[in-house]
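Residue numbers (this note's numbering), protein chains in the order written: chain P, 433 to 818; chain U, -18 to 115.
Hints were generated in silico from the structure; no laboratory data involved. Because the structure is a prediction, the values reported are computed rather than measured. Certain hints may be false.
Here are a few chain P residues that face chain U, going by a calculated C-beta distance under 10 Å [stated by the list, open to error]:
{"no.": "1", "residue": "Val561"}
{"no.": "2", "residue": "Gln562"}
{"no.": "3", "residue": "Asp565"}
{"no.": "4", "residue": "Pro576"}
{"no.": "5", "residue": "Ala579"}
{"no.": "6", "residue": "Ser639"}
{"no.": "7", "residue": "Cys647"}
{"no.": "8", "residue": "Tyr650"}
{"no.": "9", "residue": "Val682"}
{"no.": "10", "residue": "Ser686"}
{"no.": "11", "residue": "Gly748"}
{"no.": "12", "residue": "Gln749"}
{"no.": "13", "residue": "Leu753"}
Quick partial rundown of chain P residues pointing at chain U, CB under 10 Å, derived from the structure [stated by the list, open to error]:
{"no.": "14", "residue": "Arg450"}
{"no.": "15", "residue": "Asp568"}
{"no.": "16", "residue": "Ala590"}
{"no.": "17", "residue": "Ala592"}
{"no.": "18", "residue": "Phe744"}
Yeah, the Cβ is synthetic: ideal placement off N, Cα and C, and Gly gets one too.
Here's the letter readout for the chains.
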Amino acid sequence: MRANEAFVTGIGQSEIGRKLERHPLLLTADAVKEALHEAGLNISQIDGVSTYPGRTPAMLGFSPVGTDELIDALGMKVKWYAGGSEISSQLGAVTAAAAAVRTGQARHVICYRTVYEAAALARPEEYPVQRRDRVDGYSQWLAPFNALSAANWTAQYAMAHVKKYGLTREQMAQIALTGRANAMLNPRALVREPLTMEEYLSARMISSPLCLYDCDRYNDASTVLIVSAAEALGEVTCTPVRIAAMAGAVDRHSWDQAQWMACYPTGADLWTKTDYTPADVDTVQLYDGFSFQAIAWLEALGFCARGEGGQFIEGGQRIALDGELPLNTFGGQLGAGRLHGFGFAHEAVVQLRGKGGARQVPGNPKLAIATSGGGPLATALLLARD
Amino acid sequence: MTTTRALPKLDEHNRNFWTGGAVGELRILRCRDCAKYIHPPRPICRNCLSENVSPEVVAGTGTVETFTLNYQKWQPQMEVPFVIARVMLDGVPGVFLTTNIVGCEPDEVDVGDRVRVTFEQQEDVYLPLFERID
């Protein structure tokens, strides 16, 4: 144990499904209870709550449960809480919680991300999407040109990579194929069917060069990580995982004025905060809302040079479960489900505790990276089991 | 063919950009102290923090920096495929415009293509789209 550091203790996850009937508050409670049980904590010991992006009334399926509701619904008495979208990205909720426990504002913080997009789409009367007559903010620079989806915005970065560095579809496919192969070993994964290269290459395009299998899809789930203070670890029964470094940097906060995504400054910044190097890392859990983002993260984190991400994963052996750098061992968002960033940190902890079961990385992994975000949003966590 | 589009809400800062097409002008905000361009338009220079900023008419030509062919019908009435591109404007360093490349087959577009602005009016908005220069 090291003083004044932050640790991930309990982790939990609800069922992952599509068009679930169970209320999103209860999915969140499922994940909270699992995390508490693992940590050996009870709800009265929780004194902080953190989430991303907080309740989003205009698009409730995207984030239906706010901190205020969760705190009150579970009868918590907290000393610190935060929830909002204006933070480095989804896992920014974890870095905020780490800052809170390191500064003595809380001892055990529940960090959660609940998504209910498939259910909301299926039940529009209950979960209406608010329509606006006109767009403003950053949307006005994209939506009028029918660049409506993050698939379009990310596709443009991917195409730049294709044209500048020669990224191929066969290379990009390795993120999707690896995710789906690993998802088959994860009992909770949303998609538990194999994906072949032939199926990938013959899939319909969504936004070139991204095809159907390069894009995650709506689902319903909740993921929880408890972030605990060093001095509170005596209350915890599970093996703590230390947050050895964290970063969330952006050069240009824009989906189109930045030539490259924020993962690049974030990945570089992470290594300035630790003595570890990329060579020390045993497994990586990298954001793959779109497959290309995981390739960009590999480059950004220095596992290969910029532009060499495609070659780095060529053939898929290197990033397979038994490869030198196992990637997205739970299936990633393309296989396990759109847990929206939190799934990566959850899985890093699973692996570092040796609890991966059929998908456990061999060799007693001690150091992992979890990331979230694309475009101008990026967070990286370096997680260590000491 | 007129495409269904979400239109921007006009305000004192973005109005010059979105309405310049009425007189055939592509206008980008420029700092009168340090001469750098500012986009999206805001009442302060992101380079030197001066508030001495005003619109400048720029050439309206540029280069396709990257692009994507959108095939997904995000809305039922959407006609696909179409080209979304990010254009690097001539003489306006550091500014990119997300736009559509029109007036050609979608699969003809490539990175590095030279393009020129063409405005599409919808209500009080003039959308800067781009055509390839042959």
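query = Among the hints numbered above, which are violated by the structure, and what are their numbers in rising order?
reply = The structure conflicts with hints 1, 2, 8, 9, 11, 12, 13, 14 and 18, although it agrees with all the remaining ones.
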